[in-house]
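A.B. asks: One letter stands for each residue in the lines below.
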Amino acid sequence: MSYTGKIAATTAYLPKQKNLWQRFWSRSNEKVGYLFILPAFLHLLLFLLIPLVFSLYLSFTNWRGPNPQSALFIGLENYEFLFGDRRFWEAMRNTAYYTLLYVPGSMIVSLLIALVMNQKLKGVYLFRTLFFMPVISSWVAVSIIWITLLDPQVGILNYVLRQIGIAPVNWLGDPSTAMIAIVIIAIWKSVGFQMVIWLAGLQAIPEELHEAAAIDGANRTQTFFRITLPLLAPTTFFLAITGVIGSFQVFSPIYVITGGGPRGSTDVVVYHIYTRAFEAYDMGYAASQAWILFAVIFAATLIQVWYRRRQGESGLF
Amino acid sequence: MFRIKHLMKAALISSLALVPLGVFAQDTVSLTVVGVTVPPEEIGTPLDLAYQALVSSFQEANPNVSINVVEQPPEFETQIMVDLAAGTAPDVWRAGQALLPELIEGDYILDVRQCLDITPDLTMDRFIPSILAIHQPEGPDGPVYGVPNGFTPMVIYYNPEVFASAGVEVPTSDWTVEDFLNTAQLLTLDSQGRNATDPDFDPNSIEQYGVRVRKFFVLENLPWVWTFGGNVISEDGSTVDGYLNSPETIEAITFLRDLVLEYHVAPPPNALDQMIQERAFTSVFLDGQVAMFPRGQWELVGLQNQDNYDPGRVAVVGYPVGANDATIAFEDGWVINSAVASDPAKLAAACSFIDFATSPVFQDSKAVTGLEISANQAVADQASEVSQWPEIQAVFVEEANDALPDPNTRFTFFAIIEPRLDLMMENILAGADVTEEVNLAVEEIERELSRQ
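Chains as they are written, first to last, in this note's numbering: chain A, 1 to 317; chain B, 318 to 769.
These aren't lab readings, by the way, just hints derived from the structure by calculation.
Quick caveat, the model's predicted, so the values are computed rather than measured.
Misleading hints may appear alongside valid ones.
Computed, partial: chain B to chain A, Cβ under 10 Å [unchecked claim]:
#: 1; residue: E388
#: 2; residue: M398
#: 3; residue: L416
#: 4; residue: E419
#: 5; residue: D424
#: 6; residue: D428
#: 7; residue: K532
#: 8; residue: P586
#: 9; residue: D624
#: 10; residue: F730
If you anchor each label on the Cβ, the simulated ranges turn out as follows [as the list claims (entries may be wrong)]:
#: 11; chain 1: B; residue 1: D517; chain 2: A; residue 2: Q163; range: 52 to 60 Å
#: 12; chain 1: A; residue 1: Y79; chain 2: B; residue 2: S508; range: 54 to 62 Å
#: 13; chain 1: A; residue 1: F41; chain 2: B; residue 2: G404; range: 27 to 35 Å
#: 14; chain 1: B; residue 1: N385; chain 2: A; residue 2: F251; range: 28 to 36 Å
#: 15; chain 1: B; residue 1: L366; chain 2: A; residue 2: L130; range: 42 to 50 Å
#: 16; chain 1: A; residue 1: Y79; chain 2: B; residue 2: P707; range: 53 to 61 Å
Just so you know, even glycine gets a beta-carbon here, dropped at the ideal spot from N, CA and C.
Take the sequences, apply the hints, and build the full model.
C.D. replies: As structure tokens, this is what we get:
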């Protein structure tokens with residue numbers, strides 16, 4: 001047999017070359033794994049990815065009303081219009097104001113509560129449960145209760161103010177206080193969740209570090225600011241990121257309590273998008289607003305990540 | 318084997334026996350209807366009973382039609398848009414006027430002239446012309462998208478007891494803007510009982526206001542604009558420039574602002590909020606703390622439900638007469654899904670239903686429920702004979718002649734403009750400069766219109 005004949009005979013007995021799909025599918029372990037994630041993937045595809053892509057497409061159309069087939073592709077016109085839309089940017093400003101008040105406010109309050117709840121106190125589990133209860137309560141129910149609590153005449157908050165000699169405040173009727181009232185409600189509602197995250201962070205700090213600091217003569221304030229807080233940096237970062245993302249998406253309390261008023265002072269972006277889409281049925285334009293909101297949240301998150309990395313490099317984190 | 322044969326025979330006989338039932342089922346037309354139910358808290362009310370009577374009497378008269386009553390969800394306007402997009406919308410529904418342009422533009426509702434051959438009794442002359450016009454965007458000879466069910470013009474409610482105790486004549490239908498202002502001033506009292514025409518009147522201790530003014534531009538304030546000879550948007554809907562910022566419109570808006578901030582005859586927004594924290598505004602009105610307010614007929618029921626209700630405390634009159642004698646009308650109508658046209662039997666059933674629903678059989682109930690006026694001319698004319706508020710009903714029917722349609726019924730994009738107008742009005746009533754606010758609104762609305 002010649003040399004070439006030998007090669008031909010050898011290759012004839014080699015297993016047939018499998019294509020990429022066959023090679024992928026032949027790995028039985030992976031096959032099972034992919035079958036496990038298939039339902040979740042289908043769910044994501046149907047209810048997240050397809051709507052996402054569809055909404056991006058919509059943002060380039062002039063779709064109004066119920067029939068998307070009537071929508072015309074208008075390129076970047078919605079985005080061009082949006083950049084000069086004073087009402088939209090006013091809503092963005094209101095959202096930024098809410099975020100500036102809510103994110104640090106909720107983080108500080110929840111950290112203080114977590115520090116107390118981290119002590120070995122009698123009934124601490126009961127208090128942890130109580131603080132967590134607003135988190136699992138319905139926003140609508142909570143909002144209605146808070147409307148009563150903030151009532152200028154019969155609300156308990158104004159009753160307390162009157163007792164200490166301060167004139168009652170029309171919390172929800174005054175443009176200068178309405179957003180503050182919403183922030184107070186949102187902090188009260190979310191403080192339990194943040195407290196749990198802080199608690200997890202606090203309990204991960206080795207006790208030896210605090211003991212060493214105490215031996216070195218550090219007082220409690222110094223220990224908190226030099227040991228506890230720096231070691232909580234990953235928790236702080238997580239809460240700041242999720243807080244900013246969540247606060248840019250605030251909707252329920254605005255929808256139930258103020259309806260964007262008084263005088264547009266609580267007209268936040270998501271509520272603005274909702275009214276545009278589901279009250280004016282201006283779906284195409286509302287979709288472009290939603291994508292700008294996404295871009296803003298994305299940019300805010302990138303800035304936070306960049307800031308954290310920079311702080312990390314300087315040794316603070 | 319024997320058993321199997323018998324079983325097969327039995328199955329054959331049973332299936333043959335079902336054939337006539339199948340024929341019967343084919344003859345029965347199922348019609349899905351939304352708009353003949355009430356929310357759970359209103360079950361047993363006269364309106365609920367009227368709807369039940371409508372469905373049962375229609376079923377009785379049309380045994381071949383099976384009405385499938387679907388509950389109306391709270392946010393029905395959004396729901397119907399979703400249902401239309403999904404192809405699951407009902408066959409017939411009661412539509413609020415604001416959605417009409419969207420439904421017409423999308424070709425979702427039927428031109429009911431198609432019903433005229435099927436149900437010759439359903440003639441358009443049974444309806445009040447100004448209300449029917451809402452369903453005829455192309456004029457009296459054009460298509461008729463649905464038929465009107467009921468409506469209400471906006472009027473001024475007043476409390477005659479407050480007028481009597483202040484020694485002020487009750488208003489008549491020909492009162493002017495000056496009469497209105499003078500009346501409001503005489504009815505506004507401070508803690509010392511001095512009215513707003515008194516030089517010593519103290520605006521910081523007002524205990525009784527003459528009138529209520531709110532931000533809702535189309536709902537409550539547009540008739541004032543028309544009274545002053547102004548308007549809000551051009552006839553073809555292409556611009557607000559020269560309309561919203563016309564001298565007449567600005568004069569009307571300034572007048573409304575001055576009622577609150579200059580004459581102190583209407584409570585500022587904060588004071589109004591505080592008045593209604595503990596009880597409904599209707600209760601405040603019945604107690605005489607505010608003597609007049611603009612509203613539609615539906616408010617009669619709200620007033621009647623208050624503990625301090627007394628028929629002697631409620632009367633109505635039209636908006637004052639000025640350059641125009643006009644008010645705004647709000648209407649709801651029966652519309653037929655355009656998809657129904659492909660099924661002749663269903664189309665006939667739908668046409669019969671709207672014929673039935675707009676005939677005296679159902680429309681007579683409107684005078685009893687008191688929520689709105691029948692759009693059926695003959696029924697409306699006789700309403701005061703059966704109404705529990707005959708004098709009030711007569712004023713509403715008279716005002717219907719001066720009623721102009723809500724701009725929302727003509728322009729799909731007005732849903733974007735209206736909240737901007739409300740915001741403008743809210744800022745003005747809080748003290749913002751009228752011309753500046755109006756010009757800002759015009760600029761933003763013009764920008765919106767450029768997209769349409």
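A.B. asks: Minimum Cβ distance from B:D424 to chain A below 10 Å?
C.D. replies: Holds: closest Cβ of chain A sits about 9 Å from B:D424, inside 10 Å.
A.B. asks: Should the hint that B:D428 touches chain A count as held when the rule is a Cβ pair under 10 Å?
C.D. replies: At 18 Å from the nearest chain A Cβ, B:D428 fails the 10 Å test, so the hint is violated.
A.B. asks: Taking the CB of A:Y79 and the CB of B:P707, does the distance hold inside 53 to 61 Å?
C.D. replies: holds, 59 Å
A.B. asks: Can we keep the B:M398 interface hint, with Cβ of chain A closer than 10 Å?
C.D. replies: holds, 4 Å
A.B. asks: At the C-beta level, are A:F41 and B:G404 separated by a distance inside 27 to 35 Å?
C.D. replies: For B:G404 against A:F41, whose Cβ atoms are near 28 Å apart, the range 27 to 35 Å holds.
A.B. asks: Against chain A, is B:F730 within 10 Å by beta-carbon distance?
C.D. replies: holds, 8 Å
A.B. asks: Taking the least C-beta to C-beta distance, is B:L416 closer than 10 Å to chain A?
C.D. replies: holds, 9 Å
A.B. asks: Tell me if the interface restraint on B:E388 is satisfied: Cβ within less than 10 Å of some Cβ in chain A.
C.D. replies: violated, 20 Å
A.B. asks: Restraint: B:D624 near chain A, CB-CB cut 10 Å. Satisfied or not?
C.D. replies: Interface hint status for B:D624: violated (18 Å vs cutoff 10 Å).
A.B. asks: Is the hinted range of 54 to 62 Å satisfied by the C-beta distance from A:Y79 to B:S508?
C.D. replies: holds, 57 Å
A.B. asks: Would the stated hint for B:P586 survive a check requiring a Cβ distance to chain A of less than 10 Å?
C.D. replies: holds, 7 Å
A.B. asks: Mind checking the CB of B:E419 against every CB in chain A and telling me if the closest is under 10 Å?
C.D. replies: With a minimum Cβ separation of about 5 Å from chain A (threshold 10 Å), the hint on B:E419 holds.
Checked against the numbered hints given earlier, the structure breaks hints 1, 6, 9 and 11 and satisfies all the rest.
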